[in-house]
Amino acid sequence: MTTTPQATGLKIMVIDDSSTIRRSAEIFLSQAGYQVVLAEDGFDALAKINDHHPALIFCDILMPRLDGYQTCALIKKSAKFHAVPVLMLSSRDGLFDRARGAMVGSSAYLTKPFSKDSLLAAVREHAGTGQ
31 MTTTPQATGL KIMVIDDSST IRRSAEIFLS QAGYQVVLAE DGFDALAKIN
81 DHHPALIFCD ILMPRLDGYQ TCALIKKSAK FHAVPVLMLS SRDGLFDRAR
131 GAMVGSSAYL TKPFSKDSLL AAVREHAGTG Q
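Going by the working numbering, the first residue of the sequence shown is number 31, and it counts up by one from there.
Hints were generated in silico from the structure; no laboratory data involved. One or more hints might be untrue.
Cβ pair distances, simulated, as ranges [to be verified]:
1) Gly63 with Phe126: 27 to 37 Å
2) Arg95 with Arg122: 15 to 25 Å
3) Ser60 with Leu125: 31 to 41 Å
Using 27 Å as the maximum straight-line C-alpha spacing, the simulated BS3-like pairs for lysine-lysine come out as follows [said to hold, decoys possible]:
4) Lys106 with Lys142
5) Lys78 with Lys142
6) Lys107 with Lys78
7) Lys106 with Lys78
8) Lys41 with Lys106
9) Lys146 with Lys78
10) Lys41 with Lys78
11) Lys110 with Lys41
12) Lys41 with Lys107
13) Lys146 with Lys41
14) Lys41 with Lys142
Using N, Cα and C, we set each Cβ at its ideal position, and we do this for glycine too.
All chains should be modelled from the sequences, with the hints used to inform the complete structure.
In structure tokens, the structure reads:
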């Protein structure tokens, strides 16, 4: 496995209530040399973010308890993590969904199901813009 120097050690959090999506993202990102932190919902993510200090966060929109918009807004309100790019993940691709994501501070919007190439392209585009 070959890793690029910028990929080595970069920590990425994936927040999604679907174990299939979490596992797919983990495989794609790990194979590319990234460290991956998984969270199954917004509360789980908020508990882990302080310990792991991710450089980039992928966040599902439709989750139980605390949805992706609320999770993103809370991350962006944090003095410590407001600069970390949050990329929204959703099976919905409407203008309203994208606009709402932008309103809470998300950096980009990735439609599920995503390919390995689109996931890694999003990381390359947004990694290093936070923290």
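Each hint tested on the structure:
1. About 36 Å separates the C-beta atoms of Gly63 and Phe126, a value consistent with the hinted range of 27 to 37 Å.
2. Separation of Arg95 from Arg122 is about 19 Å and conforms to the stated range, judged on CB atoms against 15 to 25 Å.
3. Under the hint 31 to 41 Å, the C-beta atoms of Ser60 and Leu125, about 33 Å apart, fit the expected range.
4. The hinted pair formed by Lys106 and Lys142 meets the criterion: a straight-line CA distance of about 23 Å does not exceed 27 Å.
5. Taking the CA atoms of Lys78 and Lys142, the gap is about 24 Å. The hint holds against a cut of 27 Å.
6. A threshold of 27 Å between alpha carbons decides the hint, and for Lys107 with Lys78 the separation of about 16 Å falls inside it, so the pair holds.
7. Restraint check for Lys106 and Lys78: satisfied, since their Cα atoms lie roughly 15 Å apart, inside the 27 Å limit.
8. About 18 Å separates the Cα atoms of Lys41 and Lys106, which keeps this hinted pair within 27 Å; it holds.
9. A threshold of 27 Å between alpha carbons decides the hint, and for Lys146 with Lys78 the separation of about 25 Å falls inside it, so the pair holds.
10. Between Lys41 and Lys78 the CA atoms are separated by roughly 12 Å; this keeps the pair inside 27 Å, and the hint holds.
11. Note on Lys110 and Lys41: the hinted pairing holds, with a Cα-Cα distance of about 16 Å set against a maximum of 27 Å.
12. A distance of roughly 21 Å separates the Cα atoms of Lys41 and Lys107; the hinted pair therefore holds under the 27 Å criterion.
13. For the hint pairing Lys146 with Lys41, the CA-to-CA distance comes to about 17 Å; that is within 27 Å, so the pair holds.
14. For a cut-off of 27 Å, the pair hint linking Lys41 to Lys142 stands: about 21 Å separates their Cα positions.
When held up to the earlier numbered hints, the structure conflicts with none and fits them all.
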